Amino acid sequence: MAVIIPSDISQLSLAGAHCSELDTLHQLKGTLPDLYTVYHSVHWSRESWQAGDVSRYGEIDFVVLGPDGAVVLIEQKNGPLEETDEGGLWKWYGAQRKNVGEQIRRSIDQVKAKFQQVHGKSNPLAVDYLIYCPDYRIKVANAVALDSSRVVDAKDRDQLAQRIQKLLPAYVSPWPIWRERVAAFFQQTFEVVPDIHAFIHNQERQFTRLSGGMLAFFANLEMEPYRLRVSTAAGSGKTHLAKYFFDHALSHGKRPLLLCFNRPLSEQIKAVVEEGGMVSTWYGFCDQFLQERGYQLDYQDMQQNRHYWNEVQDRVVEESVPDHWRFDTLIIDEGQDFVQDWLDIARLFLKDDPTADLIWIEDPLQNLMDRSAVQLPEATVRYHSLVNFRSPYTISEYIQRILQLPLIPANPLPGLGVGLSGYDVPEQQPDRVNRLLSRLVKQGFQRQDVVIITCRGFGNSVFSTMDQIGSHTLKRFTGQYDNMGQQLFSNGEILFDSIYRFKGQQAAAVILVDVAPTMAEGGVLTDKWQRLLYCGMTRATVRLELVVQQQLVTFFEAVPDSLPPLR
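Residue numbering for the sequence shown follows my numbering, starting at 116 and increasing by one per position.
Treat the hints as calculated values from the structure; they're not laboratory data.
This structure is a prediction, so every number in the text was calculated from the model and none was measured.
Some clues are possibly wrong.
Stated by the list, open to error - Below, simulated SDA-like cross-link-like pairs (lysine to any residue); rule was C-alpha separation at most 20 Å, straight line: (1) Lys229 / Ala299; (2) Lys281 / Asp268; (3) Lys281 / Arg265; (4) Lys557 / His587; (5) Lys385 / Leu365.
Please construct the entire structure, taking both the sequences and the accompanying hints into account.
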């Protein structure tokens, strides 16, 4: 049985049983002898060493290291290919066509060059190649400008291991240190890691597929008027649902109004819904309405006057509502953040309140401001679910164990689990986070994939005034607004925000900081901290990092046996 690097194939199972590369990896593991080592998803780069040169990057699907230190690079091409008269085998990527032979030759040249750069010209690396097309049968081998002995197509796919062994005979070199040197070169010089963007892409695809079942259910509900209260867990697809109802109203000739509490979420929704209707935060809606009526809100006064928005709402009620400010459908997202008065005022903007559609979407477990539940019209139908489609199972099962909540994990993808770092005083956290950021970037996360979320108020964290952590620049709300009431952010690559502001959103990698919960009797978290951590931890779609007060690390290390160790 061949040695596989990375060795944990289950962590590569990102796209379920339909991942062709994963099938090939299982095949090679079971059919090659233990004298062979298979590296999967090898990302190479060669930095420029001459003025004007450009750094080059690429990826090799598989590198097989033979017993004597020679290697075979395998380029796998799934799906249909194209054979052309000019002598080439081509693969289409959207509207772009790439020559398969040129791709593998470029990889060979770059790998040889980098090996020479590391070990010198006197120690060349013996490199051969195979092109593996498990779904395509080559019609005219000579027409593809490739050596037919280097192509394994659909008719010979069961012979892949034999073809590899023919190129890499089971001859053990009398100089074993050479093979060790080649092995170290691939394991250390190259990034032999699971493709982070495959995790992210497949997580998004899986989430959309799973939450689509809920959309199909609501699409088949019939009621007149449509009055629905949806109470579901974080990661169930509530924002997808809000978008669906918005677009559905437009397609039926209705004018929808979609309101939520925080601005980042409203901007995200606004970017993906069809044109027509209106998407806004509650405060933004009041602002726009009054601006059209001739009132210019003073946002600087907002920071000194704690009754500011109550006064704004009183002014909204005093105004008459013109026809172009009336709507047929009212959609509230993150309804747990709303109060009764807001709903009552919003209903003044409906064309015909008794017959207008009302869709209320909420998660009571994310009620961080401890607000009373809003009362809806008596005829409202309620739908309740605790299913979480967003969080991969290594994260969702950890949340279940730590928070003791009756959530139902429904995402079969593994994700990259949960990490734990301790701190004695808050000022130690930036150093801890700097190390985590460097590690995540090295793993392959882009900086825009990572979010730092504080469990404290936005202005009460040690990170609140920081513009940089190590070499990583932070993007954060400055507390200032422009003349149009838009929030101003600092220039930076990694977003820093609070749980209160980041609700309703998600990120591939979440670093949760200022985790210093208070405990209730019996050694359990208080209700407030259960909600805070639940809200923060469910933002992560691939990797979750917790930066925890040192005296509570033991509590957070309590992981069920079914989970891998914290890393």
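Cross-check of the supplied hints:
Using a Cα cut-off of 20 Å, the hinted pair lysine 229 and alanine 299 holds, with the two alpha carbons roughly 13 Å apart. For the hint linking lysine 281 to aspartate 268, the alpha-carbon distance of about 16 Å falls within 20 Å, and the restraint holds. The suggested pairing of lysine 281 with arginine 265 holds, with an alpha-carbon distance near 11 Å, which does not exceed 20 Å. Between the alpha carbons of lysine 557 and histidine 587 the distance comes to roughly 13 Å, so the proposed pair stays at or under 20 Å and holds.
Between lysine 385 and leucine 365, the direct Cα distance comes to roughly 14 Å. Compliance with the 20 Å bound is thereby established for this hinted pair.
When held up to the earlier numbered hints, the structure conflicts with none and fits them all.
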